[in-house]
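Listed below, chain by chain, are the residues.
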Amino acid sequence: MDFLRKQPRFILYALGFFLVIIVGVLDFLTGPDLAFSVFYLFPILLGVFLMGRRGGVIISIFGAIVWYLADILTSTSHTHPAILAWNAIVNMMIFFLVTFTFEAFRQQRKKQEELMQFIVHDLRSPLSNVMIGLKTIEIMGGDGLGDAQKRTFNRALASCRWMSTLIDSILDLSRMESGHLHLKVSSVSLRDLVDVALQQVAMWAEHNSIELVRRLEVEDQTAIRADREVAVRVLVNLLSNAIKFTPSGKSITLSVARHEPGELVFCVADQGRGVPKEWASRVFDKYSQVEARNVGPLGSSGLGLTFCRMCIEAQQGRIWLESKDGQGTRIFFTLPLSAQPVVESSGS
Amino acid sequence: MASDERQPEPFNRSPRVLVVEDDPDSASSLTELLSCLGLESTVARNGEEALWKACEFLPDVVLLDLGLPVRDGYQVARILRQNPDSSTALIVAVTGQPEDSARAYQMGIDIHLAKPVDAGTLRSILMDYQREFSG
Chain A
1 MDFLRKQPRF ILYALGFFLV IIVGVLDFLT GPDLAFSVFY LFPILLGVFL
51 MGRRGGVIIS IFGAIVWYLA DILTSTSHTH PAILAWNAIV NMMIFFLVTF
101 TFEAFRQQRK KQEELMQFIV HDLRSPLSNV MIGLKTIEIM GGDGLGDAQK
151 RTFNRALASC RWMSTLIDSI LDLSRMESGH LHLKVSSVSL RDLVDVALQQ
201 VAMWAEHNSI ELVRRLEVED QTAIRADREV AVRVLVNLLS NAIKFTPSGK
251 SITLSVARHE PGELVFCVAD QGRGVPKEWA SRVFDKYSQV EARNVGPLGS
301 SGLGLTFCRM CIEAQQGRIW LESKDGQGTR IFFTLPLSAQ PVVESSGS
Chain B
349 MASDERQPEP FNRSPRVLVV EDDPDSASSL TELLSCLGLE STVARNGEEA
399 LWKACEFLPD VVLLDLGLPV RDGYQVARIL RQNPDSSTAL IVAVTGQPED
449 SARAYQMGID IHLAKPVDAG TLRSILMDYQ REFSG
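Residue numbers (this note's numbering), protein chains in the order written: chain A, 1 to 348; chain B, 349 to 483.
Don't take each hint at face value.
[Said to hold, decoys possible] Straight-line Cα separation of at most 25 angstroms, SDA-like style, residue types lysine to any residue; simulated pairs:
#1 A:Lys-184 with A:Lys-150
#2 A:Lys-6 with A:Ile-167
#3 A:Lys-110 with B:Gly-415
#4 A:Lys-184 with B:Leu-461
#5 A:Lys-150 with B:Gly-415
#6 A:Lys-244 with B:Asn-394
#7 A:Lys-184 with B:Ile-473
#8 A:Lys-110 with A:Phe-3
#9 A:Lys-324 with B:Leu-461
[Unchecked claim] Pairwise CB distance ranges, derived in the manner of DEER restraints:
#10 A:Phe-118 with B:Asp-420: 17 to 23 angstroms
#11 A:Ala-104 with B:Asp-420: 33 to 39 angstroms
#12 B:Ser-435 with A:Ala-148: 31 to 37 angstroms
#13 B:Gly-386 with A:Arg-175: 17 to 23 angstroms
#14 A:Pro-276 with B:Pro-417: 39 to 45 angstroms
#15 B:Asp-373 with A:Phe-49: 29 to 35 angstroms
#16 A:Trp-86 with B:Pro-417: 29 to 35 angstroms
#17 A:Val-213 with B:Gln-454: 35 to 41 angstroms
#18 A:Phe-3 with B:Cys-403: 50 to 56 angstroms
None of these hints come from the bench; they were simulated from the model.
For every residue, glycine included, the Cβ atom is placed at its ideal position computed from N, Cα and C.
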């Protein structure tokens with residue numbers, strides 16, 4: 001659908017008219033006895049979906065004309081010649097009605113999505129203040145803070161960080177879905193990518209007494225083809241998830257190895273409680289989160305995994321999960337190797 | 349980090365921090381943290397105020413919210429860089445938009461922090477800066 005949406009208008013109109021003509025020809029071939037008008041709705045809905053109300057209206061008018069022609073060519077007799085024209089007008093009204101209703105729903109959904117993004121985005125400032133405030137109190141307390149108080153501060157800060165990850169994944173996913181997150185794919189140093197991601201979660205892991213193990217089974221100079229920033233976020237997301245579900249004292253391993261020719265496989269393995277088998281393929285699904293929460297102690301990982309899947313697939317990779325109940329979870333994803341030298345990033 | 353060609357003179361005092369933030373709560377929480385760290389700070393509520401306060405207060409570090417009304421943080425950063433009073437200051441951008449980082453660097457911003465700001469990271473940036481330039 002995204003591919004279609006990027007095409008010029010005239011191509012979309014041509015596609016709509018073409019589909020209407022196909023329906024018209026089928027309508028003609030099946031004769032006057034078989035009701036066919038509902039099938040004209042497919043190109044009309046496609047028109048609204050891709051081009052909005054105007055596209056839907058124009059294809060509706062064209063649809064009504066084609067329907068009228070197909071009816072003239074197949075009809076044998078009518079009590080009055082104006083009946084066909086009347087029927088065509090009634091059909092066009094139905095097409096318009098569907099167009100306007102569908103467009104109204106679409107606009108409503110868009111507004112809700114924008115409002116949600118706006119609200120979620122605005123959560124960042126107060127969250128930022130909470131985190132700064134906690135740190136300030138901690139610094140004020142200085143050496144006078146007992147271990148229990150320090151633990152409380154760290155737990156509160158870790159929760160803030162998790163909330164921040166949740167906010168990011170909601171916004172990233174919305175951007176990804178609306179096509180506003182543009183990938184800047186280049187040659188990225190594998191080592192740099194892994195180091196930056198591990199660094200971002202290091203403090204959190206330390207607070208939770210979780211050891212982060214880094215295992216690169218490829219040469220240090222290896223380069224991959226990816227959007228650096230997005231790939232880092234995918235790794236941070238997977239590592240954050242792993243930290244959240246791993247008990248204190250255990251470890252998380254991030255390993256990278258060669259896979260199929262021209263491909264690297266990344267693996268984030270935790271020692272958490274694992275994911276039941278029937279959920280393994282569904283944890284990446286946006287809507288399965290709600291269901292997962294209702295059926296058992298799976299815990300919500302927010303929309304992070306859905307974001308990861310969309311990012312990895314957009315970069316010609318695959319992502320999957322392997323887990324045994326109670327024995328930890330391993331999430332794998334692949335990214336293509338790059339033959340080009342690494343492009344230095346200004347953001348590092 | 350501040351690039352080599354813009355090395356300020358070493359000083360024997362705490363760095364002065366100009367906080368440019370339109371949200372009063374965010375501004376207060378930042379100034380409280382800064383005073384806790386022993387740093388002198390002042391707040392500018394918008395871009396215009398930031399520009400004249402930069403001349404008056406002569407900050408060593410500017411914590412700049414990029415989502416300011418009227419004149420946005422990028423424009424403020426560019427003008428601060430051109431102004432001799434603040435051309436050597438360490439400009440730390442604070443923003444809710446992680447994807448703005450490329451533009452931030454182009455406009456002369458040294459460090460880019462995404463909201464919510466990790467106070468630990470901000471603290472280590474300021475402490476590193478203080479250590480580096482306190483002679």
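Hint check results:
Between the alpha carbons of A:Lys-184 and A:Lys-150 the distance comes to roughly 41 angstroms, so the proposed pair goes past 25 angstroms and is violated. Distance restraint check for A:Lys-6 and A:Ile-167: the Cα-Cα separation of roughly 28 angstroms exceeds the 25 angstroms cut-off, and the hinted pair is therefore not satisfied. About 24 angstroms separates the Cα atoms of A:Lys-110 and B:Gly-415, which keeps this hinted pair within 25 angstroms; it holds. Simply put, A:Lys-184 and B:Leu-461 have alpha-carbon atoms about 21 angstroms apart, close enough for the 25 angstroms limit, and the pair holds.
Under the criterion of a C-alpha separation no larger than 25 angstroms, the hint pairing A:Lys-150 with B:Gly-415 is inconsistent with the structure, at around 34 angstroms. For a cut-off of 25 angstroms, the pair hint linking A:Lys-244 to B:Asn-394 is broken: about 39 angstroms separates their Cα positions. Using a Cα cut-off of 25 angstroms, the hinted pair A:Lys-184 and B:Ile-473 is violated, with the two alpha carbons roughly 28 angstroms apart. Under the criterion of a C-alpha separation no larger than 25 angstroms, the hint pairing A:Lys-110 with A:Phe-3 is consistent with the structure, at around 19 angstroms.
Taking the CA atoms of A:Lys-324 and B:Leu-461, the gap is about 39 angstroms. The hint is violated against a cut of 25 angstroms. Separated by about 18 angstroms at the C-beta atoms, A:Phe-118 and B:Asp-420 satisfy the suggested range of 17 to 23 angstroms. Our hint of 33 to 39 angstroms for A:Ala-104 and B:Asp-420 holds, since their Cβ atoms are close to 35 angstroms apart. The supplied range of 31 to 37 angstroms is broken by B:Ser-435 and A:Ala-148, whose beta-carbon atoms lie about 48 angstroms from each other.
The beta-carbon spacing between B:Gly-386 and A:Arg-175, approximately 40 angstroms, falls outside the hinted interval of 17 to 23 angstroms. Between A:Pro-276 and B:Pro-417 the beta carbons are some 50 angstroms apart, a value that contradicts the proposed interval 39 to 45 angstroms. For the pair B:Asp-373 and A:Phe-49, the beta carbons lie near 42 angstroms from each other, so the given range of 29 to 35 angstroms is not met. A beta carbon spacing of about 58 angstroms between A:Trp-86 and B:Pro-417 contradicts the range 29 to 35 angstroms that was offered as a hint.
Checking the proposed 35 to 41 angstroms range against A:Val-213 and B:Gln-454 shows it holds: the Cβ atoms sit about 38 angstroms from each other. The hinted window of 50 to 56 angstroms between A:Phe-3 and B:Cys-403 holds, with their beta carbons roughly 53 angstroms apart.
Figure legend: structure checked against the earlier numbered hints; hints not met, in rising order: 1, 2, 5, 6, 7, 9, 12, 13, 14, 15 and 16.
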